[in-house]
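There are 2 protein chains.
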Amino acid sequence: MPFATRIDHAILTAIKHGQAAPSPGKLASALHYAVTPGGARIRPIILMSVAAACGDDCPPLADAAGAALELIHCASLVHDDLPSFDNADTRRGKPTVHRAYGEPLAVLTGDSLIIMAFEVLAKAAVHDPMRAVELIRILATRTGMPNGICAGQGWESEDKIDLRAYHRAKTGALFIAATQMGAVAAGQDAEQWEDLGARIGEAFQVADDLRDALYDADTLGKPVGQDDLHGRPNAVTELGVAGAIDRMKDILGGAISSIPRCPGEAMLAKMVNAQAEALTPMQWRANRNASKIPGE
Amino acid sequence: MPFATRIDHAILTAIKHGQAAPSPGKLASALHYAVTPGGARIRPIILMSVAAACGDDCPPLADAAGAALELIHCASLVHDDLPSFDNADTRRGKPTVHRAYGEPLAVLTGDSLIIMAFEVLAKAAVHDPMRAVELIRILATRTGMPNGICAGQGWESEDKIDLRAYHRAKTGALFIAATQMGAVAAGQDAEQWEDLGARIGEAFQVADDLRDALYDADTLGKPVGQDDLHGRPNAVTELGVAGAIDRMKDILGGAISSIPRCPGEAMLAKMVNAQAEALTPMQWRANRNASKIPGE
Chain A
46 MPFATRIDHA ILTAIKHGQA APSPGKLASA LHYAVTPGGA RIRPIILMSV AAACGDDCPP
106 LADAAGAALE LIHCASLVHD DLPSFDNADT RRGKPTVHRA YGEPLAVLTG DSLIIMAFEV
166 LAKAAVHDPM RAVELIRILA TRTGMPNGIC AGQGWESEDK IDLRAYHRAK TGALFIAATQ
226 MGAVAAGQDA EQWEDLGARI GEAFQVADDL RDALYDADTL GKPVGQDDLH GRPNAVTELG
286 VAGAIDRMKD ILGGAISSIP RCPGEAMLAK MVNAQAEALT PMQWRANRNA SKIPGE
Chain B
46 MPFATRIDHA ILTAIKHGQA APSPGKLASA LHYAVTPGGA RIRPIILMSV AAACGDDCPP
106 LADAAGAALE LIHCASLVHD DLPSFDNADT RRGKPTVHRA YGEPLAVLTG DSLIIMAFEV
166 LAKAAVHDPM RAVELIRILA TRTGMPNGIC AGQGWESEDK IDLRAYHRAK TGALFIAATQ
226 MGAVAAGQDA EQWEDLGARI GEAFQVADDL RDALYDADTL GKPVGQDDLH GRPNAVTELG
286 VAGAIDRMKD ILGGAISSIP RCPGEAMLAK MVNAQAEALT PMQWRANRNA SKIPGE
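Protein chains in written order, with my numbering: chain A, 46 to 341; chain B, 46 to 341.
Only chain A is shown next, with the shape it has when bound in the complex:
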């Protein structure tokens, strides 16, 4: 079964459990709304690719890990879009959760999805409690404080930003979670997989800067120019478009060299190259029909 199918099935099964009656109907509906339509599901696809490269000897655990990671990502989008953060009206081509359901339900949707992520992993512990506990520990580390995406958002309220810590937490954290959780779901040690995730995260940050600078809101399905608006650092402002693309390709080259020895090493390198192509803005691609824009 393709990774995307496994991920969507695992996510929708979790959402369905979260909606079981008796439950408040609007919040139940908002949970589904917040995770569909899927964006590129980049993080869980990286996770599944690493699990496959490591042998994927326990597919239900990899499925649970992929779903949990994407649930956390979706939760972060719902909270980041709130009026007190980015105040975004659209996401993935439709109104943001707080626009569609109101602000209280958007806060609760984010909270519920965070909790659901950990619940999915706790339930999957039936397949291997030791691995499940390690998956929960990694996901929590890369989501909360001081090294997760919450820390990344938190940096934006500081007068003086530690740029390295900011980027690593804001964008890198969930990519590190992706590679580490993929490895752990397949019974491998997490530690040696941190570097690959961090590098993919760095490349993704540059790609995100490019998309923010180059595309219009209709193409992306969400507001553009957010970095300029919020005064956030941006690779395009710093290096120009061509310079930013070079930088992204350099980083991904480094990512490929950092792939740990594993049965699926060559397949993983191919996956990273495919990501590089998908992340490159259309007009700079070798093959312009290679992939759609990986919208979030």
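Simulated from the structure, these hints should not be mistaken for lab results. The reader is advised that the hints may include incorrect statements.
Copies of the same chain look alike in the list, so a pair counts if it works inside one copy or between any two.
To be verified - In silico BS3-like pairs for lysine-lysine, Cα to Cα no more than 27 Å straight-line:
#, residue 1, residue 2
1, 61, 205
2, 294, 205
3, 61, 139
4, 205, 71
5, 61, 71
We have chain A; now place chain B onto it with these hints.
Quick look at chain B alone, frame taken from chain A:
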């Protein structure tokens, strides 16, 4: 070591890990602000009492469970106080987190504390992975959708409320988590401990209605009359003050009869009676100096 000391030590240790440098200073500070000064810490004290009654054969796990439960409770208070929910200015006698740190950091503080709760349990898995996974599962169930405190808040956005489901989720859920997690931390089966938690939760709901109706904001350290203001159901409106007190005592009597057989059965009954006394408004108590008001 008294329960309260163990709980505070476990909570503050978790907060300190969450603040490790490099981390955004304001969010790091808000984490500590949100969990201090402690309220009555009623839920983790019930948890520790049940663990003790079941033999408390693994104290670090009970400590972690107590800390995790209180972190979730504190997170829920931070989010419930937000302008789009109760819009509260004060909590535990000081400005609410969003008043002190602004709304974005209040959202992130709640998120970070939720995640920290699961991280604390994942780290404690080193003592017993099977019990830790079960603790995580119970905590998630009683926090998220469809049966946790998120569901309870979610009901308040519905036009037609299922009152039984609402109260069970909104107030009961974390008391059920308290009794079940206490039992599981000490190696017992969770199931038979649900009823005790549910009954304590019901009594607490009535007590909360009494406090909301009888005390002023200075005494409680938070705004009063919130139920009236938000049109929420209230036992005092329905039964009067004396009727509500009788009802609370009836429920706690039932709670005592529902205590499962365990070495510390008598001690637990005493704990429930002490809670009943603490929950009773001052002027209706047998001993007026028995305990301070259990403010949250």
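Each hint tested on the structure:
no., hint, verdict
1, 61 - 205, "between (43 Å within a copy, 22 Å between copies)"
2, 294 - 205, "neither (29 Å within a copy, 55 Å between copies)"
3, 61 - 139, "within (22 Å within a copy, 40 Å between copies)"
4, 205 - 71, "between (40 Å within a copy, 11 Å between copies)"
5, 61 - 71, "within (14 Å within a copy, 37 Å between copies)"
In the structure shown, a violation is registered for the earlier hint numbered 2 alone.
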